[in-house]
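Engineer: Each chain, written out:
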Amino acid sequence: MNESEHDRAPGDAVSAAEAHAAQPPGVVVYTIGLLLAVILTATSFWVANTSLLWGPGVPLGLAVLAIAQMGVHLVFFLHITTGPDSTNNVLALAFGVLIVFLVIAGSLWIMANLNANMTMSPGLMDLRMQR
Amino acid sequence: MNAAVPVDELQPEALIPASEAGPASKRIVVAYGFWIFLLSDIVMFAALFAAYAVLKGGTAGGPAGAQLFNQVTAAIETACLLVSSYTCGLMSLAIRSQRRPATYFFAAITFVLGVAFLALELREFASMIAEGATPRRSAFLSAFFALVGCHGLHVGVGLVWLVVMMAQVAFMGFRASVQRRLLCFSLFWHALDIIWVGLFTVVYLMGVSQ
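Same order as they appear, the protein sequences are chains A and B.
Residue numbers for the first sequence follow the numbering used here, beginning at 35 and rising by one.
Residue numbers for the second sequence follow the numbering used here, beginning at 471 and rising by one.
The hints are simulated quantities; they were obtained by calculation from the structure and are not laboratory data.
Just so you know, these numbers come straight off a predicted model, no measurement behind them.
Cβ coordinates follow ideal geometry from the N, Cα and C atoms, glycine included.
Only true hints are included.
Pairs of lysine to any residue, SDA-like flavour, derived with a Cα cap of 20 Å:
1) B:526 - A:140
2) B:526 - B:672
3) B:526 - A:92
4) B:526 - B:599
5) B:526 - B:616
6) B:496 - B:653
7) B:496 - A:124
8) B:526 - A:139
9) B:526 - B:619
10) B:526 - A:137
11) B:526 - B:605
12) B:496 - A:120
13) B:526 - A:93
14) B:526 - A:147
15) B:526 - A:94
16) B:526 - A:135
17) B:496 - B:646
18) B:526 - A:149
19) B:526 - A:145
20) B:526 - B:594
21) B:526 - A:97
22) B:526 - A:146
23) B:526 - A:138
24) B:496 - B:567
25) B:496 - A:126
26) B:526 - A:91
27) B:526 - A:151
28) B:526 - A:90
29) B:496 - A:117
30) B:526 - A:150
31) B:496 - A:122
32) B:526 - A:144
33) B:526 - A:152
34) B:526 - A:142
35) B:526 - A:148
36) B:496 - B:658
37) B:526 - B:618
Residues from chain A shown here face chain B by an in silico Cβ test under 8 Å; the list is partial:
38) 71
39) 107
40) 111
Start from the sequences and build out the full structure, keeping to the hints where you can.
Structural biologist: Shown next as structure tokens:
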């Protein structure tokens, strides 16, 4: 019965076991979330300061750790789950993530392109960006 | 349906099919509406993050991130906000079981940690401004103060909101409308922590490690 927990067609009845499983989260959930977040944060700070890792890979590693930690916060603190009550929340989140990605990646892409194609010396460019 | 299960063990509303259950409860609708607001807030922060990432190199001969930022302060700020997020979660558990002293206790811890975060951030801003690293100095510093200052402003608003909610719990008790507002507050507080995760990674860790 557990395998089919989140796998229900519209109109399917909620089984008694499922109704029991959909209990609100307790202290354990928050504590697991806190522990995971602490581990990920500590790893981020270690990655940023260590000389053991290949330098150019560090920003990418930090980005991965940050996204993982955001996921931990979403699941354990905000309780964005696959349950039937949060379907709309997940869809809205997916749209939000799309917009965030477009804004950040698009800005970086366009501005890097602009800087690369600008026939200005870096010093003059710096002056222009300052105003 | 499993006929072997005794009828009195079942919650009646849990047995209604999803398509016949009618409109969602007000609690779910309110949380969904507030979630939409939070996502729009996150989109606004994405614009500030994009501005910061683009203008990071535009220091105009002024101080860069590596000279200005202190990772120890950033680590303490992160710890404050993370633990306050945890105690905020414990507060929402206390609210659900309507335990008033526990609610006040966890709200007080959340509040104190939020104030500590804000105090550290303001002290950092003050020392930067004293060194001449004001928002007017360079595009990099304008973007930095806009991004980090906007998050700090949100934390400040959240602290005021928390005080208002505790006053409502004290005077109005755990009525349904107060519980929904407290739910929205906890969503807001957790979302601020999510933004801070991106913020300390992009500003404090990536800015200093290079």
